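**Student:** Chains as they are written, first to last, in the numbering used here: chain A, 1087 to 1196; chain B, 21 to 140.
Because the hints were derived from the structure by calculation, they are not lab data.
As the structure is a prediction and not an experimental result, all values here were calculated from the model.
Where a beta carbon is used, it is the ideal one built from N, C-alpha and C, also for glycine.
Heads up, a few of these hints could be off.
Unchecked claim - Some residues of chain B that are not near chain A, with every Cβ distance over 12 Å (derived):
| no. | residue |
| --- | --- |
| 1 | C33 |
| 2 | L64 |
| 3 | M65 |
What the hints assert, rightly or not - Simulated pairs of lysine-lysine, BS3-like, Cα-Cα distance not exceeding 30 Å:
| no. | chain 1 | residue 1 | chain 2 | residue 2 |
| --- | --- | --- | --- | --- |
| 4 | B | K34 | B | K86 |
| 5 | A | K1089 | A | K1140 |
| 6 | A | K1089 | B | K86 |
| 7 | B | K61 | A | K1089 |
| 8 | B | K61 | B | K84 |
| 9 | A | K1138 | A | K1155 |
| 10 | B | K86 | A | K1155 |
| 11 | B | K61 | A | K1155 |
| 12 | A | K1089 | B | K34 |
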Amino acid sequence: LAKTTQPISMDSYEGQEVNITCSHNNIATNDYITWYQQFPSQGPRFIIQGYKTKVTNEVASLFIPADRKSSTLSLPRVSLSDTAVYYCPREEGNTGKLIFGQGTTLQVKP
Amino acid sequence: GAVVSQHPSWVICKSGTSVKIECRSLDFQATTMFWYRQFPKQSLMLMATSNEGSKATYEQGVEKDKFLINHASLTLSTLTVTSAHPEDSSFYICSASLLQIGASSYNEQFFGPGTRLTVL
């Protein structure tokens, strides 16, 4: 099964809204979609998770269309501290294994 | 949220020696833990699945005799890099799986902070 695919990199400026899209072509019916953030030399950190439609928490929103073949992570007003790599890994079956793609490196500029 | 710790956070060793890395789930029990490796500027690569009380399951291309995994309790998994060489230098990250039961049950993974291994 293919990994999820995302843009390799994105640039933004402080205060802007950033949307990162992930392709989930082979997502299974029972799989949730989860996004993680990783800073250099740290483990990934959970951002948000959803199954369909829209989910919002204190840091981000997640939009998932009806066909669930993609998802869009929305960061409302980014700051310099949001500079990181963002991943939308695929879960392999019901095993709990996460298969990571290359992630999206977001660079926020002042 | 649930917390996963790793020890040590970094280690430097000589070529040929063995290094043990611990992964602990601090406030929950994890029947399943995962070990990942990450080289600079690259993504996380799953190495193995660690199951409490049974043998680990290794991903294709990962040598089980080189990367020994022991999951002796529901809160501790260890990864031992045996006869380490410079090419084993990497960032090793573990995660622990917690089953969330609700309207729809799913596994939520919590990642440790990682261990930087440098082999001289």
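**Student:** Would you check the hint for A:K1089 and A:K1140, treating anything up to 30 Å between C-alpha atoms as holding?
**Tutor:** 23 Å, holds
**Student:** Given the hint that B:K61 pairs with B:K84, test it: the Cα-Cα distance must not exceed 30 Å.
**Tutor:** The given pair, whose Cα atoms are some 25 Å apart, holds under the 30 Å limit.
**Student:** Does A:K1155 sit within 30 Å of B:K86, going by the straight-line distance between their CA atoms?
**Tutor:** 38 Å, violated
**Student:** Beyond 12 Å on every Cβ pair: is that true for B:M65 relative to chain A?
**Tutor:** With a cut-off of 12 Å, B:M65 comes too close to chain A, as the shortest Cβ separation is near 7 Å.
**Student:** With a cut-off of 30 Å on the C-alpha distance, tell me whether A:K1089 and B:K34 pass.
**Tutor:** 36 Å, violated
**Student:** For the pair supplied as a hint, B:K61 and A:K1089, is the alpha-carbon distance within the 30 Å limit?
**Tutor:** 18 Å, holds
**Student:** What's the verdict on A:K1089 and B:K86, does the C-alpha distance respect the 30 Å limit or exceed it?
**Tutor:** It holds: about 27 Å lies between the C-alpha atoms, which stays within 30 Å.
**Student:** Compare the distance between the alpha carbons of B:K34 and B:K86 with 30 Å, and conclude whether the hinted pair is satisfied.
**Tutor:** Given pair B:K34, B:K86 holds - Cα atoms ~16 Å apart, limit 30 Å.
**Student:** Evaluate the condition: distance from the CB of B:L64 to the nearest CB of chain A exceeds 12 Å.
**Tutor:** 4 Å, violated
**Student:** Confirm or reject the statement that B:C33 sits farther than 12 Å, beta carbon to beta carbon, from all of chain A.
**Tutor:** 18 Å, holds
**Student:** Hinted pair, alpha-carbon criterion (30 Å max): A:K1138, A:K1155. Please report holds or violated.
**Tutor:** 10 Å, holds
**Student:** So if I understand the rule, the pair passes when the alpha-carbon distance is 30 Å or less; does B:K61 with A:K1155 pass?
**Tutor:** Satisfied, since the Cα-Cα distance of roughly 27 Å is no more than 30 Å.
Hints 2, 3, 10, 12 from the earlier list are contradicted by this structure; the remaining hints agree with it.
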